[in-house]
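Same order as they appear, the protein sequences are chains A and B.
The working numbering numbers the first residue of the first sequence as 1 and each following residue consecutively.
The working numbering numbers the first residue of the second sequence as 1 and each following residue consecutively.
Each hint should be verified, as a subset may be incorrect.
Copies of the same chain look alike in the list, so a pair counts if it works inside one copy or between any two.
Pairs of lysine to any residue, SDA-like flavour, derived with a Cα cap of 25 angstroms [said to hold, decoys possible]:
#1 Lys171 / Ser112
#2 Lys17 / Ala194
#3 Lys51 / Leu21
#4 Lys17 / Asp181
#5 Lys51 / Pro80
#6 Lys171 / Asn145
If you are wondering where the hints come from, they were derived from the structure by calculation, not from laboratory data.
Here the structure is a predicted model, which is why all the values come from computation and not from measurement.
There are 2 protein chains.
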Amino acid sequence: MTKHQNNKEQAILAAAKEEFLDKGYDGARTTSIACNAGVTHAMLHYYFKTKEQLFERIFHETMGMLVEGILEVFAKTEKPFKQRMAEALEIHFEVIKQNPRLPLFMIREVASRPERFAVIKNVISTFAGNLLATMQKDINQAASNDEISPIDATTLLLDMISLNVFPFVVKPVYEAATGLDLNADSAFWEQRKAENIELIMRRLTPTQDSSQFIVHSS
Amino acid sequence: MTKHQNNKEQAILAAAKEEFLDKGYDGARTTSIACNAGVTHAMLHYYFKTKEQLFERIFHETMGMLVEGILEVFAKTEKPFKQRMAEALEIHFEVIKQNPRLPLFMIREVASRPERFAVIKNVISTFAGNLLATMQKDINQAASNDEISPIDATTLLLDMISLNVFPFVVKPVYEAATGLDLNADSAFWEQRKAENIELIMRRLTPTQDSSQFIVHSS
DNA sequence: AAAAATATTAACAATTTTGTTAGAATTTTC
DNA sequence: GAAAATTCTAACAAAATTGTTAATATTTTT
Chain A
1 MTKHQNNKEQ AILAAAKEEF LDKGYDGART TSIACNAGVT HAMLHYYFKT KEQLFERIFH
61 ETMGMLVEGI LEVFAKTEKP FKQRMAEALE IHFEVIKQNP RLPLFMIREV ASRPERFAVI
121 KNVISTFAGN LLATMQKDIN QAASNDEISP IDATTLLLDM ISLNVFPFVV KPVYEAATGL
181 DLNADSAFWE QRKAENIELI MRRLTPTQDS SQFIVHSS
Chain B
1 MTKHQNNKEQ AILAAAKEEF LDKGYDGART TSIACNAGVT HAMLHYYFKT KEQLFERIFH
61 ETMGMLVEGI LEVFAKTEKP FKQRMAEALE IHFEVIKQNP RLPLFMIREV ASRPERFAVI
121 KNVISTFAGN LLATMQKDIN QAASNDEISP IDATTLLLDM ISLNVFPFVV KPVYEAATGL
181 DLNADSAFWE QRKAENIELI MRRLTPTQDS SQFIVHSS
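Let the hints inform the model, and build the full structure from the sequences given.
Right under this line is the structure:
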């Protein structure tokens, strides 16, 4: 009757994504994936020869999503730099919020298998070079107008990513420490987003003596 | 001749720490640990009945170090709040820098095995309550003197930890993306530390209209 | 509807990984 | 230095996990 549409393959992919995101490559079990997908274990090997191949499929998809999401953030207009940055922060935060497990997934897999560097390198360096160069140009211009404090684009980007991503990465630990359930606490995330914007905006605002507080290490 | 000092047990512990920090519980192999420790595989099970027990030993030790390190940061004097905060940031950053793999280790293990929440909860909540309360009192006092902008202690703490910890957590990805070797790049870490202090100092500095830049989500 | 291609199953095989055991060697205690 | 406790070894066992295969069912093509 109904056309054959490989819905088992899709079910396996969906279950695999869950499993890999949750437990990482090493913790994931192909039997568990097959079971959650409602198919026999042999089917998994029929569609995806090995666990590694199945993982790679998920890894690429996931990386793609993350990078698309970040790209979207910086495809921006001609407003003042500070305002663009505030909007980028907000969009970036929301992208992460909608895919809160992706960052830890990526970090974990790259950390435990450096051979996956290559994928990351390709995906990111394709556009990161342009992005950073463009951003630095905008920064320099805004700084020369005294619109903002001068800053290195890479530095600013890492500020932004640290502030926006880390809370999601550390969420399980935070919940363990406080006993709170952050999924049910939308006020927490709204406050966090506002705080991150506040921090970066203050960072960019020109001051008379911008490095008065820097402490030099022994 | 020499007294018997369980140096095999120590060797196993050292190798286990390496293995677990590097690969996580799921990726670690007891055979590999025994091999790196230069002992037979059976010895591992002689001293530590199971992989789980060996892991727990390492996990506790590691958590202890991390918490001690952070405690040390806040056992501070009577200087102005901003200066104390700058010093705390610097010390905190250095503690992480000397144990750069601990944060990801903790995050990874708690994320993939929520039953380890209990350990974290005990260790942290023992002192975090006092810390936060004390900090909030200091903040309120400094704010009432117009020394700093008012801020929630929890928020400030998460700002600090995000900025200081995330660069170490994301290091492998950063290296994959840029092709740099950050271990050999002490200038990078000095700059990062300075940037984090700059950010927090600006966040604490009073302004006329401190929330002018907050963007509200749709 | 027959032939061809594809999807599915159940049972099995290979490997990896953790854990055990019985006994030998060594160290410590008395 | 003999007895007791302990450290250690080598071989083995059990379980889990990934991967295969041969036969069967279903779908698609002609």
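Checked hints:
1. Taking the shortest alpha-carbon separations for Lys171 and Ser112, both the intra-copy value of 21 angstroms and the inter-copy value of 12 angstroms come in at or below 25 angstroms.
2. Taking CA atoms no more than 25 angstroms apart as the test, Lys17 paired with Ala194 passes in neither setting, with 31 angstroms inside one copy and 39 angstroms between copies.
3. For the identical chains of this complex, Lys51 and Leu21 are neighbours both inside a copy (14 angstroms) and across copies (24 angstroms), given an alpha-carbon limit of 25 angstroms.
4. In this homomeric assembly, Lys17 and Asp181 come within 25 angstroms of each other (Cα to Cα) only inside a single copy, at 23 angstroms, whereas the closest approach across copies is 31 angstroms.
5. When the C-alpha separation of Lys51 and Pro80 is checked against a cutoff of 25 angstroms, the pair qualifies neither within a copy, at 48 angstroms, nor between copies, at 57 angstroms.
6. In this assembly of identical chains, the alpha carbons of Lys171 and Asn145 never lie at most 25 angstroms apart, being 40 angstroms within a copy and 34 angstroms across copies at closest.
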